[in-house]
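Throw the hints in and build the complete structure from the sequences for me.
Residues 1 to 236, numbered by this note's numbering, are exactly what the sequence shown covers, in order.
Rather than coming from a laboratory, the hints here were simulated on the basis of the structure. All residues carry an ideal CB built from backbone N, CA and C; glycine is no exception. Some hints could be false.
As the list claims (entries may be wrong) - Beta-carbon label-pair distances, calculated as ranges:
1. K36 x E193: 33 to 43 Å
2. N135 x L218: 23 to 33 Å
3. L77 x H37: 19 to 29 Å
4. E201 x K114: 11 to 21 Å
5. D50 x P124: 24 to 34 Å
6. I131 x G49: 18 to 28 Å
7. N221 x G49: 41 to 51 Å
8. E94 x E209: 37 to 47 Å
9. E209 x S68: 32 to 42 Å
10. H214 x L128: 33 to 43 Å
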Amino acid sequence: MYSCPCQIDECVLCEAQLFSGLSSKQVCEVRGMLTKHHYEPRQTLFREGDTSARLYVVRSGQVKLTTSLPDGREQILRLGVAGHLLGFEAVEDEVYPYTAEAVTSVQTCGILHKDMLQAIEQHPKVSLRVIHSLNQELEQSLGMIRDLGLKSAPEKVASFILSLVPTRGAPLRELNLPLSRLEMAAMLGLTEETVSRVMAELRREAVIEGSRRHVEILDHNRLQNMAGSGSVQPPQ
Numbered sequence: 001m002y003s004c005p006c007q008i009d010e011c012v013l014c015e016a017q018l019f020s021g022l023s024s025k026q027v028c029e030v031r032g033m034l035t036k037h038h039y040e041p042r043q044t045l046f047r048e049g050d051t052s053a054r055l056y057v058v059r060s061g062q063v064k065l066t067t068s069l070p071d072g073r074e075q076i077l078r079l080g081v082a083g084h085l086l087g088f089e090a091v092e093d094e095v096y097p098y099t100a101e102a103v104t105s106v107q108t109c110g111i112l113h114k115d116m117l118q119a120i121e122q123h124p125k126v127s128l129r130v131i132h133s134l135n136q137e138l139e140q141s142l143g144m145i146r147d148l149g150l151k152s153a154p155e156k157v158a159s160f161i162l163s164l165v166p167t168r169g170a171p172l173r174e175l176n177l178p179l180s181r182l183e184m185a186a187m188l189g190l191t192e193e194t195v196s197r198v199m200a201e202l203r204r205e206a207v208i209e210g211s212r213r214h215v216e217i218l219d220h221n222r223l224q225n226m227a228g229s230g231s232v233q234p235p236q
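Spelled out as structure tokens, the structure:
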């Protein structure tokens with residue numbers, strides 16, 4: 001993990017290695033542009049169509065990303081967890097393409113849109129790291145599209161549970177399950193009854209444990225196999 005030379009608290013943008021490859025002085029210059037933010041559940045980070053003023057990296061907690069039609073119908077795109085970038089798709093756009101709402105207590109690091117562009121223009125290595133991070137986000141989005149079209153109900157639910165695992169920081173023993181069964185069903189293209197049945201089956205088979213609002217992964221490899229992700233060890 002890349003350690004911020006500034007030694008001023010923790011910096012999730014540095015932890016995400018967006019600034020790896022820069023000198024200590026360059027990193028400190030960029031560090032001065034960063035701000036930390038805290039959001040309570042149901043508090044909005046930004047809304048779809050708002051002017052894209054700030055970009056974020058989730059430091060802890062979970063953020064629901066949604067898009068809406070003019071008639072009010074809403075679609076959940078995905079959940080952002082620790083390590084995910086938010087709003088970076090709008091780096092060259094004037095508005096955010098989706099709404100970001102905290103579903104748990106959330107900590108973020110943020111940088112003004114104009115400051116991020118400045119850092120990218122002045123430091124090519126930063127732009128390469130941003131491209132790499134955005135490619136990872138794109139792969140996740142493409143994976144969700146694939147899941148919706150090709151995977152069975154158990155595979156979809158298993159993939160969703162795995163998506164709750166933070167990509168940065170120490171692995172959590174218990175994960176928040178912030179969506180209702182109805183919201184999960186709408187997101188995965190299933191019925192509420194099917195989601196409830198699959199979750200019950202996973203508990204009976206000792207793959208997971210938990211309640212309607214929390215889940216603990218008991219058998220990580222088996223869950224990955226069920227999701228079609230192969231058998232690999234959980235993150236350390």
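Verification of the hints:
Range check, K36 to E193: Cβ separation about 42 Å, and the 33 to 43 Å hint holds. With their beta carbons about 32 Å apart, N135 and L218 fall inside the hinted range of 23 to 33 Å. Distance hint for L77 and H37: a CB-CB separation of about 21 Å, consistent with the stated range 19 to 29 Å. In this structure, E201 and K114 break the distance hint of 11 to 21 Å, their C-beta atoms being roughly 50 Å apart.
Restraint check, D50 to P124: a C-beta distance of roughly 29 Å satisfies the suggested window 24 to 34 Å. Roughly 26 Å separates the CB atoms of I131 and G49, a value that falls within the hinted 18 to 28 Å. Between N221 and G49, the C-beta spacing of about 42 Å keeps the proposed range 41 to 51 Å intact. Range check, E94 to E209: about 46 Å between beta-carbon atoms, so the 37 to 47 Å window is met.
Between E209 and S68 the Cβ separation comes to about 35 Å, which falls inside the hinted range of 32 to 42 Å. For H214 and L128, the Cβ-Cβ distance of about 38 Å falls inside the hinted range of 33 to 43 Å, so the restraint holds.
Checked against the numbered hints above, the structure violates only hint 4.
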